[in-house]
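Engineer: Residue-level listing of the chains:
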Amino acid sequence: MNLDEMRSLYNQAYLLLNEEEEENLLNYYQKSIGGVKVFDKLDLGGIEPMEINTDMSLSLREDEVKESMDRDQALSYSDLREYGYFKLDRVVD
Amino acid sequence: MKTVKDFLQLYQDGKTVEEVMELVLERIGDDPNKAFITLDHEKVKERARYLDKKKEEGKKLGKLFGVPITIKDNIMTQGLKTTAGSRALENYIPSYSASLVKRFEEEDGIIIGKTNLDEFATGGSSETSYFGISLNPVDPSKVPGGSSSGAAVAQKAGYAPINIGTDTGGSVRQPGSYCSVLGYKPSYGTISSWGVIPMASSLDHVGIFADNIEDIVETINIIGGQDEKDPASIRKESLDYKLYADDIQGLRVAYVDIDHRSDIDEKVKEDYQRSLEILKSLGADLKKIKLNYEDYLTPVYKIIMATEFSGNMARYDGIRFGYSSDSFDSVEQMYFKNRSEAFGDEVKKRIILGMYFSDSNNYQETYDKAIKVRELIREEVEKIFTKVDLLVSPSATDVPSGFGEKRDPDVDFKSGDYHVLLNLSGRPGISIPMNQGLGGSVQFACDRYEDEKLLNYANVFCKELR
Chain A
1 MNLDEMRSLY NQAYLLLNEE EEENLLNYYQ KSIGGVKVFD KLDLGGIEPM
51 EINTDMSLSL REDEVKESMD RDQALSYSDL REYGYFKLDR VVD
Chain B
94 MKTVKDFLQL YQDGKTVEEV MELVLERIGD DPNKAFITLD HEKVKERARY
144 LDKKKEEGKK LGKLFGVPIT IKDNIMTQGL KTTAGSRALE NYIPSYSASL
194 VKRFEEEDGI IIGKTNLDEF ATGGSSETSY FGISLNPVDP SKVPGGSSSG
244 AAVAQKAGYA PINIGTDTGG SVRQPGSYCS VLGYKPSYGT ISSWGVIPMA
294 SSLDHVGIFA DNIEDIVETI NIIGGQDEKD PASIRKESLD YKLYADDIQG
344 LRVAYVDIDH RSDIDEKVKE DYQRSLEILK SLGADLKKIK LNYEDYLTPV
394 YKIIMATEFS GNMARYDGIR FGYSSDSFDS VEQMYFKNRS EAFGDEVKKR
444 IILGMYFSDS NNYQETYDKA IKVRELIREE VEKIFTKVDL LVSPSATDVP
494 SGFGEKRDPD VDFKSGDYHV LLNLSGRPGI SIPMNQGLGG SVQFACDRYE
544 DEKLLNYANV FCKELR
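Going line by line, the protein sequences match chains A and B.
The opening position of the first sequence corresponds to residue 1 in our numbering, with each subsequent residue numbered one higher.
The opening position of the second sequence corresponds to residue 94 in our numbering, with each subsequent residue numbered one higher.
Chain A with its partners taken away, still in its complex shape:
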């Protein structure tokens, strides 16, 4: 990882990066990433990748109308409420 790449990743992750921290962080990431070179010793041709230990299955519920959560109960879980709605920050410029 180089400095430009690190800055780009922070940007993509929506994380702020202080200039003072850059050198230490870059050293950290380079050391962490360096360890993966150990894979070069292995011949991985023809090996099926394994992403998860199970045959995943998504079960669909019956197509029935059910009661949703009580509105007042749902609102009670947040302090940010107004006029019977959740109050959010404005996200439109």
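Zero decoy hints are in this set.
Here are some of the chain B residues that sit facing chain A, going by a computed Cβ distance under 7 Å:
| id | residue |
| --- | --- |
| 1 | Ser188 |
| 2 | Tyr281 |
| 3 | Gly282 |
| 4 | Glu321 |
| 5 | Ser417 |
| 6 | Tyr428 |
| 7 | Arg432 |
| 8 | Lys441 |
| 9 | Ile464 |
| 10 | Lys465 |
| 11 | Arg467 |
The calculated lysine to aspartate or glutamate pairs, modelled on DMTMM-like cross-linking and capped at a C-alpha distance of 25 Å, are:
| id | chain 1 | residue 1 | chain 2 | residue 2 |
| --- | --- | --- | --- | --- |
| 12 | B | Lys430 | A | Glu19 |
| 13 | B | Lys430 | A | Glu20 |
| 14 | B | Lys465 | A | Glu48 |
| 15 | B | Lys507 | B | Glu363 |
FYI, nobody ran anything at the bench for these hints, they're computed from the structure.
This one's a predicted model, so the numbers in the text were calculated from it and none came from an experiment.
By construction, the Cβ of each residue, glycine as well, lies at the ideal position given by its N, Cα and C atoms.
Given chain A, put chain B in place with the hints provided.
Structural biologist: Same frame as chain A, but now just chain B:
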């Protein structure tokens, strides 16, 4: 009042749940070991009164009637704050409970509090928790391990007989080892992850701390089993594990060769050797094996964990829920500040690493290779279990350090090699302390879905240890 049986006996002897919970809360006091993030006395008493009324009305009582349980704070509890040890969720109150919490409540258990953890389960000491450190009851100057720090502390301090944690790369077994308590990670999918804040979804397991194997069996029979809401859930509808074994005569045991590992603490080596001698004295047939892919465990784990973690963390933007910054000049700045101010350093580092590994320029050399090596590791473990019944290794390969000691993060990862072996392959494992004080623990592991056998072997071993 240490075990599930102890508590059930108290109620049989005529004590009310309210009386017993007073004693429990008194024992916890002001929580000097800082096991808890949330301990709501009023909610505990309210639940106690409800259970007492249920009993008075002659209704059928659940198997865990009045038994106190703690839940790691990355597991959803309706109406009770769930913070993941992070500023990001500092005031988050879930509108639903995790499936495992509902199952406890259906059996009349009492959730007495939410325990401390490393932030979003990223750590092995509690030092990354936004809410501060937990103290190891064995030696408060030492870390209790993590990320299920508070759960292990609560177990050792005797706050509750059942303490629930999560284990992605050893986060139940390592604090179990550091705090000298039993820490069990079941086969992947055995306990539903629905309602558990994900860290790395293909590696995440819910785990159990307890004082004895009977309590672990009681617990897994209640919270284990199929959950339709969790796509990775085991297919078996319910579990009914029993402790039937009186001995392990003739048991085929493979034990991991650690002679080449100069990084393993001497006390851990001694305790490991002692565990092998005990197994031998119990009539087990021991065979030493070398793990062919041992050197790859840490890098494979790191890559897969970070990649999945960075994806799981994308949802925390402070818009719909969670921490949001007070001031910003644009929507873009709002996103940056919400996330940057919400997360601690370790969380940010793992997000960036994960994004690096999954980037299209790096993917083939990192993540793609890691999941192929994962398959090799899984195949090797599968092959081991065609020849043996039990695989034995040290649990954590180190003993707890002091707080604030600067350690190489790779050293920290490496000390959990034998833990991640089981997360990567989905096999069940249990960490068994060899001492009541600081020292080594041994890890027993079995083949996938052979948890009942594992717990039986562990039970025979534990009885011999006592």
